[in-house]
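Chemist: Listed below, chain by chain, are the residues.
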Amino acid sequence: MSWTALSILAIGAYGFKLAGVMFGVRLDTPPLQHSILLLPAALFAAVIALQTFERDTALVIDARVVGLVVAVGATWKKVPFLGVIVLAMMSTAVTRALF
Amino acid sequence: MLGAAIGVVGITFGVLAGAAGLGLAKASAMSMLVFTGASQFAAVGVIDSGGSAFAAVGGALLLAARNALYGIRLSELLRTDGLRRYFGAQLVIDESTAMATAQSSEAARRGAFWITGLSVFVFWNIGTVAGVLLGSVLGDPRVWGLDAAFLASFVALIGPHVATRPGQVAALVGAAIAIVTVPVAPAGAPILLAVVAIGPALFVERGLR
Numbered sequence: 057m058s059w060t061a062l063s064i065l066a067i068g069a070y071g072f073k074l075a076g077v078m079f080g081v082r083l084d085t086p087p088l089q090h091s092i093l094l095l096p097a098a099l100f101a102a103v104i105a106l107q108t109f110e111r112d113t114a115l116v117i118d119a120r121v122v123g124l125v126v127a128v129g130a131t132w133k134k135v136p137f138l139g140v141i142v143l144a145m146m147s148t149a150v151t152r153a154l155f
Numbered sequence: 002m003l004g005a006a007i008g009v010v011g012i013t014f015g016v017l018a019g020a021a022g023l024g025l026a027k028a029s030a031m032s033m034l035v036f037t038g039a040s041q042f043a044a045v046g047v048i049d050s051g052g053s054a055f056a057a058v059g060g061a062l063l064l065a066a067r068n069a070l071y072g073i074r075l076s077e078l079l080r081t082d083g084l085r086r087y088f089g090a091q092l093v094i095d096e097s098t099a100m101a102t103a104q105s106s107e108a109a110r111r112g113a114f115w116i117t118g119l120s121v122f123v124f125w126n127i128g129t130v131a132g133v134l135l136g137s138v139l140g141d142p143r144v145w146g147l148d149a150a151f152l153a154s155f156v157a158l159i160g161p162h163v164a165t166r167p168g169q170v171a172a173l174v175g176a177a178i179a180i181v182t183v184p185v186a187p188a189g190a191p192i193l194l195a196v197v198a199i200g201p202a203l204f205v206e207r208g209l210r
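In order, the protein sequences belong to chains A and B.
57 is the number of the first residue of the first sequence in the working numbering; add one for each residue after it.
2 is the number of the first residue of the second sequence in the working numbering; add one for each residue after it.
Incorrect hints may appear among the rest.
[To be verified] Where chain B lies over chain A, by a calculated footprint (3+ residues, C-beta under 8 Å): (1) 65-75; (2) 136-143.
[Stated by the list, open to error] Taking beta-carbon pairs under 10 Å as the criterion, some of the chain A residues facing chain B (in silico): (3) L62; (4) M78; (5) G80; (6) H90; (7) F100; (8) A101; (9) A102; (10) I104; (11) L106; (12) M146.
Simulated from the structure, these hints should not be mistaken for laboratory data.
No experiment lies behind these values; they were computed from the predicted model shown.
For each residue, glycine too, the CB sits at the ideal point set by N, CA and C.
Could you put the whole structure together from the sequences, leaning on the hints where they help?
Modeler: Written out as structure tokens, the structure is:
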């Protein structure tokens, strides 16, 4: 990745953040706020699904599924954030080593 | 606490960035200036699998677009003077949004935003440097299960947002949309299309009232 591509990405990424913060005050109407409250749930779930099942824009099932199940279980059991991540990594690595 | 855990995810990013051929300078610049995890993982993933810089930047920008929506959500907390607002905008990411919006009062939301945003920024960047350095001795990052770290961090983050029925509907429909559109949509687009899941979730919310 060139410095030019990296600069475009950096400017674009910051542009999105700043635009939201700047225009947000004007768009701060109750119906919109209501929808945006639900936004993290929808987007985070989509990120989880893709991080688990996507590889190079194709769907695959691999050891990451075990990591997902372990992460969900650990979160359910109120394991601290760091523990959730370490357990998911370990279970994924062990699954990969075994199969 | 969250920041330290994000440091571990930052290490995984650094390792993967190193494996994709980004040196320490570029990986660090990305973590400081782009500073939005999903986009960074996506860009590095595209480059590692031999994709063009255009595809890498395009997919990463599509993913970064959701921060504009988070910015709208958090704008009430950032109605401050110039410099703090411009710096605060850089901290508008998944983690700070998740922690801020999980609080019940505006003061708590403001505190959670700044504490989470700043600590994630610091630990993410330290982790990136450590990851690039560590990567040269680790070998294949997948052997260590590093590709599961990022998804696990999102599992931990989504918790408070799926405590209600509408939140659960938004999550399930959002995940389903992302999965179904992966084979047909360009990289990054499935995440944005998942926004549509808010529709059915609002419908359920109205039904409960």
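Chemist: Against this structure, judge whether each hint is valid.
Modeler: Cross-check of the supplied hints:
1. 65-75: Coverage by chain B holds here, the residue count being 9 at a Cβ distance below 8 Å.
2. 136-143: Our answer is that it holds, as 7 residues pass the Cβ test (under 8 Å) against chain B, meeting three.
3. L62: holds (6 Å)
4. M78: holds (8 Å)
5. G80: holds (3 Å)
6. H90: Hint on A/H90: holds, closest Cβ of chain B at ~7 Å, below 10 Å.
7. F100: Where the cut-off is 10 Å and the nearest Cβ of chain B is about 4 Å from A/F100, the hint holds.
8. A101: holds (4 Å)
9. A102: This hint holds: A/A102 lies near chain B, its Cβ roughly 4 Å from the closest one there, short of 10 Å.
10. I104: Holds, because the Cβ-Cβ distance from A/I104 to chain B comes to roughly 5 Å (cut-off 10 Å).
11. L106: holds (5 Å)
12. M146: holds (6 Å)
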